[in-house]
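Peer 1: Take a look at the letters that make up each chain.
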Amino acid sequence: MAVEWSLLIYSVLVGISVGPFAVMALTGCLDGHRKLCKWGSLVGLASLVLGGIAAFTHLKAPQYVTYIFTNLGSPMGLEMLVTVFTGLVAVLFAAQMWFDFWPQGRRIVAWVGLIGALASVLLIGKMYMLPARPMWNTWLLPLTFLTTSVVSGLLAMLVLVGFAPLEEGEDRSALAARLGTWTLGALVVNAIVAVLYFVTATAQGGATARLFTGDLAFSFWLGLVVLGVVVPLVLTWLGSRPTTQFATARSLAALSFIAVLASGIAVRAMIFGLGTVVHILAG
Amino acid sequence: MARPTLLVDLQRCIGCYSCVVACKQENGLPVGVNWIKVDEIGPFGEFPNVKGYFLPHGCMHCEDPACVSACPTGASYQREDGIVLVDHDRCILCRYCTWACPYDARSFSLEDKMVSKCTMCAHLIDAGKDPACVQHCMGGARFFGDLDDPNSEISQYLAANENRAVKLLESQGTNPTVIFLEPRVGLLADEVAASKSSARS
Numbered sequence: 000m001a002v003e004w005s006l007l008i009y010s011v012l013v014g015i016s017v018g019p020f021a022v023m024a025l026t027g028c029l030d031g032h033r034k035l036c037k038w039g040s041l042v043g044l045a046s047l048v049l050g051g052i053a054a055f056t057h058l059k060a061p062q063y064v065t066y067i068f069t070n071l072g073s074p075m076g077l078e079m080l081v082t083v084f085t086g087l088v089a090v091l092f093a094a095q096m097w098f099d100f101w102p103q104g105r106r107i108v109a110w111v112g113l114i115g116a117l118a119s120v121l122l123i124g125k126m127y128m129l130p131a132r133p134m135w136n137t138w139l140l141p142l143t144f145l146t147t148s149v150v151s152g153l154l155a156m157l158v159l160v161g162f163a164p165l166e167e168g169e170d171r172s173a174l175a176a177r178l179g180t181w182t183l184g185a186l187v188v189n190a191i192v193a194v195l196y197f198v199t200a201t202a203q204g205g206a207t208a209r210l211f212t213g214d215l216a217f218s219f220w221l222g223l224v225v226l227g228v229v230v231p232l233v234l235t236w237l238g239s240r241p242t243t244q245f246a247t248a249r250s251l252a253a254l255s256f257i258a259v260l261a262s263g264i265a266v267r268a269m270i271f272g273l274g275t276v277v278h279i280l281a282g
Numbered sequence: 000m001a002r003p004t005l006l007v008d009l010q011r012c013i014g015c016y017s018c019v020v021a022c023k024q025e026n027g028l029p030v031g032v033n034w035i036k037v038d039e040i041g042p043f044g045e046f047p048n049v050k051g052y053f054l055p056h057g058c059m060h061c062e063d064p065a066c067v068s069a070c071p072t073g074a075s076y077q078r079e080d081g082i083v084l085v086d087h088d089r090c091i092l093c094r095y096c097t098w099a100c101p102y103d104a105r106s107f108s109l110e111d112k113m114v115s116k117c118t119m120c121a122h123l124i125d126a127g128k129d130p131a132c133v134q135h136c137m138g139g140a141r142f143f144g145d146l147d148d149p150n151s152e153i154s155q156y157l158a159a160n161e162n163r164a165v166k167l168l169e170s171q172g173t174n175p176t177v178i179f180l181e182p183r184v185g186l187l188a189d190e191v192a193a194s195k196s197s198a199r200s
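So the sequences go chain by chain: A and B. Okay, so the first sequence: first residue is 0 according to numbering that gives the first Met the number 0, each after it adds one. Okay, so the second sequence: first residue is 0 according to numbering that gives the first Met the number 0, each after it adds one.
The following block holds chain A by itself, in its conformation from the complex:
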């Protein structure tokens, strides 16, 4: 089936929001890296808002959107609701960071945002699990959305750690090293999950040849394997070595982030390509 670009961009952008919330909930940066967190809150908010706008452009009659409250059992209705909720949490968090609103609740809101962002990404993926589309109908698909999102989100934060304005006397090398290690781990998990999804789904749908040598081969080998696995793994590893200078490391992180973004687009485009229905005579 044809690629729905607005939905593709939506899922990539919402995925990035996982990174800022994860870093701010799971590390101590809220206490020690104030400026970084301020910009991080904006990255989370911007990715959700821009993603929301992209999703909105997919709807060709958005004037009836309030009716989603009438069928929240629908995967799409639930996903829209959770993403909107996460967007509101991101607004609150940005207000906390920039206007000192309810400062004692920052950590809690960061955690709620992280859970919301992860849930949004999983629900976006789960939406595709339809019996009518056999190559989508596996839990590996939402897991692929999740792992690609975690990778792109962490790399976005790694880039921010490198480029966001520093406070006086601030040293971010420890945080960068920690994020680099997390990103390497996430990249390995993502490589396993994504490759497993594509290989098993196409095998089950009798479309393995499409993946390795057919119409999806370019996206699979270049988009997933090279840009999504090999390039970011090598660059992130090089950047996280103790001997690498901070300026070099942040450039490597930026390149790695661009590669992962391109891979995220390729992966999702491939998923749309696999959205074929079963043959009407297939039993």
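None of these hints come from the bench; they were simulated from the model. Some clues are possibly wrong.
[To be verified] The list that follows gives simulated cross-link-like pairs (lysine-lysine, DSBU-like), each with its CA atoms no further than 30 Å apart:
#, chain 1, residue 1, chain 2, residue 2
1, A, 125, A, 59
2, B, 112, A, 59
3, A, 59, B, 23
4, B, 128, A, 59
5, B, 50, B, 128
Bear in mind the structure is a predicted one, so any value in this text is a computation, not a measurement.
Given the coordinates of chain A, work out where chain B should sit on it, guided by the hints.
Peer 2: Showing chain B alone in chain A's frame:
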């Protein structure tokens, strides 16, 4: 409660596309939108004993429609008599229903800003008439009526040809209501075996 049901005898279908044209005309469908699609199945066998048949299909008005449970706004809904319809004043045109339907029965027209599908000509049924495709079927292949009424034409025709009755893609679990009569007993089962691995986009 009556159970309006459509039955198609594939042995009688001559592939004239009258149902497609009648449907388009009755429902004022724009260019590019067809609520009935006709697949040409076959040919099978070897020359000179080659055979094939036509498979006109559209919305199956399932008892458990995947489109209705998928629809985030409740725009896709099921009437009390089982007919599945779309309320265009609630539809946000997300097209999720077009993904959820295993029969590829829904059409999306960006020009007309509409997702649409066979309504079983509910407006005609409510006026006591048959759907347009049934009225105009040249081969007399299409039957419509109340399956709960044992004296209805459709019930009696089905009873006489029960051995040829099949429903499509029952494995999807949506319980389709449209009934097809195979051109010969077991032909669709053979086709199922032959097409297990094939898929269409």
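Peer 1: Could you check the structure against the hints above and give me the numbers of any it violates, in ascending order?
Peer 2: 4 and 5
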